[in-house]
Amino acid sequence: MSSSLRIVNGKVHDPANGIDGEIRDIYISDGRIVDASPEDAVSIDASGMVIMPGGVDIHCHIAGPKVNLARKLQPEDHRRDPHPGTPYTRSGSGGTVPSTFATGYRYSTLGYTTAMEAAVTPIGARHTLEELHDTPVIDKGFYVLLGNNIFLQNLLKEGRRDEFKQAVAWWVNSTKAFTTKLVNPGGDEPWKGKKNANVEDIDEKSTETGLSPRDIIQAFVETVNELGLPHPPHIHCNNLGHSGNYKTTLETMKTAGDLRAHIAHIQFHSYGGERGKNPTSAAREIIEYVNSHPNISCDVGQVMFGKSTIMTADAPLAYLLRGFKKGKWVNADTECESGCGIVPFSYQEHVFMHTLQWAIGLELFLMSEDPWRVLLSTDHPNGGSFMSYPKLIRLLMDREFRIEEMKKVNQKALDKTSLRDLKREYTLNEIAIITRAGPARVLSLRNKGHLGAGADADITIYDEQEDKEAMFNAPRYVIKSGKSIIHNHEFVGDHIGKLLHSTPAFDTDIEQIVQPFFEDYYSIEFANYAVSDQYLHDHEVIAGIKTL
Amino acid sequence: MSETAKENIKIVKHATCTFCGCVCDDMELTVDMDAHKITKAKNACVLGRAWFAEHVIEDRPAAMVDGKEVSIEEAVEEAAQTLVKARFPITYGLSDTTCEAQRQAVAITDIIHGTVDTTTSVCHGPSGLAFQGVGESTMTLGEVKNRADFIIYWGGNPAEAHPRHFTRYSVTPKGMFTPNGKKDRTVVLVDVRKTSTAPVADIVIRVKPGKDFELLWALRALVKGKKVADNIEAITGVSMDTLTDLVERMKNCRYGVFFFGMGLTMTRGRHFNSGALLALATDLNEFTHFVAKPVRGHGNVTGADNVVSWQTGYPFGVNFNLGYPRFNPGEFTTVDTLSRGDADAALIIASDPASNFPKAAIEHLHKIPVITLDTKETHTSKLAHVAFTTATYGINTGGTVYRMDDVPITLRPAFDSPFPTDEEILTAIRKRAHELMLAKSGLGAAGGGGTQKVAAPRKE
Amino acid sequence: MTEIMILVPGRSSKQGTSLNKGKLKDEYLDVTSRVEMNMDDMQRLGLENGDKIRLSNDTGETVVTCSGKKATDLPSGMLFMAYGPPSSQLMDSDTAGSGMPLSKHFSVAIEKVT
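Going line by line, the protein sequences match chains A, B and C.
Last residue of the first sequence: 547 in numbering that gives the first Met the number 0, with the numbers rising by one and none dropped.
Last residue of the second sequence: 459 in numbering that gives the first Met the number 0, with the numbers rising by one and none dropped.
Last residue of the third sequence: 113 in numbering that gives the first Met the number 0, with the numbers rising by one and none dropped.
Worth flagging that the hints you see were computed from the coordinates, not collected in a lab.
By construction, the Cβ of each residue, glycine as well, lies at the ideal position given by its N, Cα and C atoms.
Be aware that one or more of the hints could be misleading.
[Claimed, not checked] So these bits of chain C aren't anywhere near chain B, every CB distance computed over 10 Å:
(1) E2
(2) L44
(3) L46
[Claimed, not checked] Covered stretches of chain C, going by a simulated chain B footprint (3 or more residues, C-beta under 8 Å):
(4) 10 to 18
(5) 72 to 81
(6) 100 to 106
Please construct the entire structure, taking both the sequences and the accompanying hints into account.
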């Protein structure tokens, strides 16, 4: 098949370009979408089908040290869900933490062509890049964990803000990351150094650094905006999962002022009630703030019933969850950089808390006034596998289905929410926004999430069906960078995919300041720390945002 | 000595020693480029010095079939044909090569529907099984240096197997919260004999051979405040006073660490021993921060675990007969596939099972076509049908290795080798095996990445 | 006269350094065919440093050279040797479904080779 394609007669959903279900032809040449039909183009007849840009997952956990520990931990999860190879594709294992090959192929079988790994330790960047290289089809990048970085906190403590900025930029460059990630800022030191304690209040000052979580959040928001990274700090707030945590979440968003900030898996941070007691829904308080603050974006982190795997840099949280069933648990401390916890988990309809979490996620989606900033995620695999996205889409698009599903859950928990009263149904265009156009915009991926000329030819073609779960479960065609990957539901090719990263400018003098700390407190050589270009495979530098 | 100045000398700083799982990356190598030899390895331990000094360019053919020198291309063809023809081919070894080569080896096994296993299965394989059962509270080695005030070595002898472990990571270094180094730490050794590690320890506990599980389980009980049988000393060789003292110290430390060796995994109890230790470390987190880490042997055995896991979902002992990965230790692990006589061809990379496997396994290796990749002649390469001589990782090749704590490090080669790398040979075998498998299934010699139509559209 | 003892093979630095030279070289073969024994046991059995002894069990047998260790370092009834081809001769291939043959805890019969 030639490198030129013409997709004809399909119904196009391209919200970024204001196209909402028009029959239009799409032309592809040399991996990009073009205006005019190339001469030698091969046609795909998309009559009765819906055409969308390839999906973009803004927050998932698919590669790197913690993901691989979670893979190794759960043979029982893989065993029930093998992923056979084909003559063109590698085999693998599924479950909530699939092998790298299965991850890439399965994303593509849902019509997703880009995914961002949301939490990587700097020292684990090389490992993550190796895994991403083995994650086929999709383009991918990762967010580097800097919110509990001891060196950076020391700079903040000493008020050295310009060096802090240089060091953040140096770290993003040295790890080939896309942006910065904060997880439970300030929580690592009490966990590792104070017999498994945690920080509870956003204004609680650390005895070591004198910094509160708010000080750290503010410094990162300001710095990353100054650096103009393509995506603002990606923030996992303090107090994840605790009753009453919505106040911390509101305070975190307020700390950003009018600067860009992204709140990760906001559902897990939208609980009312009193700490230690049963939670209530604070979805309304949270979504009202998001609705009225265009500088804030978030992904929902929807909970889906069934098997999940908790994997997080928020080690105290994982230990807390481990306490419920006393099952197997991984804790992994990374020197000077991060903590990590892993717990196999499952969400069950009859459990009060789990139903409440499920309903709060749906409330947030259904009360969102700006789909461009309230994006679809399950915090895969924390809230559930990315393989449950089609079902989640149906829950949003199909109120009848939602009512049927509501009958199966814990009714007392449902009573605490407004879900029964929410009549909204998402349109196909809104789905295209929360799964493609929106995340691409929030990530500044200018060539993704739309079908205008010059865009990457990452395209998904679905048979239009009444059952939206079935529809989004199995696109008939998936085209990645202009190449047919799935053709009539069959894999017909393989593709490696690109690494997406950013390269903010920095003053190289910062290395002389980092190095002495490194020699004292790290266990590898400073010269061997920064990741070299040999790990990039195919890659693209995503330009930042010009700021004042 | 006056000639020294004329010699073609190169200094390689921040080089990495891949002899053991410590993977020290602070080597400063002096390389005689004319003699193709490392003449000095500053910072290396006794094992590292031997590793760097002895890896010279061997006087051997790059490729042999049945003991006769052939071209590399011919040997690759013979290797691919042998593997594709086999009904139960096994891939084994992999702990002394780069992750880049390991990725190719797993790919070959996937393509030929074989079985891949690494030296992990006869090293900390049982700890891998225990990990699957109970999890693990663990850390990178820098955390030990910065924080640990209480360290227990159990069933391992780093003084001889990992000589720089104490000075670089665990006992003597001064860290962030351990400014006085060893003075800020208490070190305990548990072993069946008084090894050369004993002088480093403040407390030496001698357990009766094969009674590690009983001792660990008694400690778990005491940590949880439960009663332990009065005859515990008769069973384990360790007195109740010693046990209660140890438990108090473990519960009251600030950051406790277990390092455990093959004294647990290779003896009676195997994965139950490792599991008991990991569970004990987990239990202790109710009182303080406690972590555990298996002390790994080979330079990139940890990389092998990682690569096999991310590509298949399982750490070792993985079979692709059905076209997807299945994991079953005891069925798909190499000692078993060889001793039972299942394997009908073997691809052995950087390992010498013919020297250190049980007798029955070695006997079977003599009966089947074996393909070896190694830097030197070994017992296994001597019996091989196809034998490749390859460049030494970290000395002649770049690439990635993982330290015992999963920290990845990039290698800095010292001098070129005339021999190809493991990665190059394995990539060539993979490509050829893929072509042969496609031909076998009637799809012709198409490579991956094509967009050719292979199936009729499916009607729904 | 024969006696049953427990053999614990393991790593030693000499085994480590010599294997870099090559596993088929004399030094490695020598290092891996030496066994350490409690001195009191040696005296009781009439053995001296450098004597050859045969170790055997149901799996196989091997002849190695013995040397004495203080009773405080190596308990009575225990033998230590570096891993290698000779210790493999005594290793049973049963892994009990784990993949790991028992490699450190063999009951072996000891017999002086004259």
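These are the hints, each one checked on the structure:
no.: 1; hint: E2; in the structure: holds, 16 Å
no.: 2; hint: L44; in the structure: holds, 19 Å
no.: 3; hint: L46; in the structure: holds, 19 Å
no.: 4; hint: 10 to 18; in the structure: holds (count 6)
no.: 5; hint: 72 to 81; in the structure: holds (count 5)
no.: 6; hint: 100 to 106; in the structure: holds (count 5)
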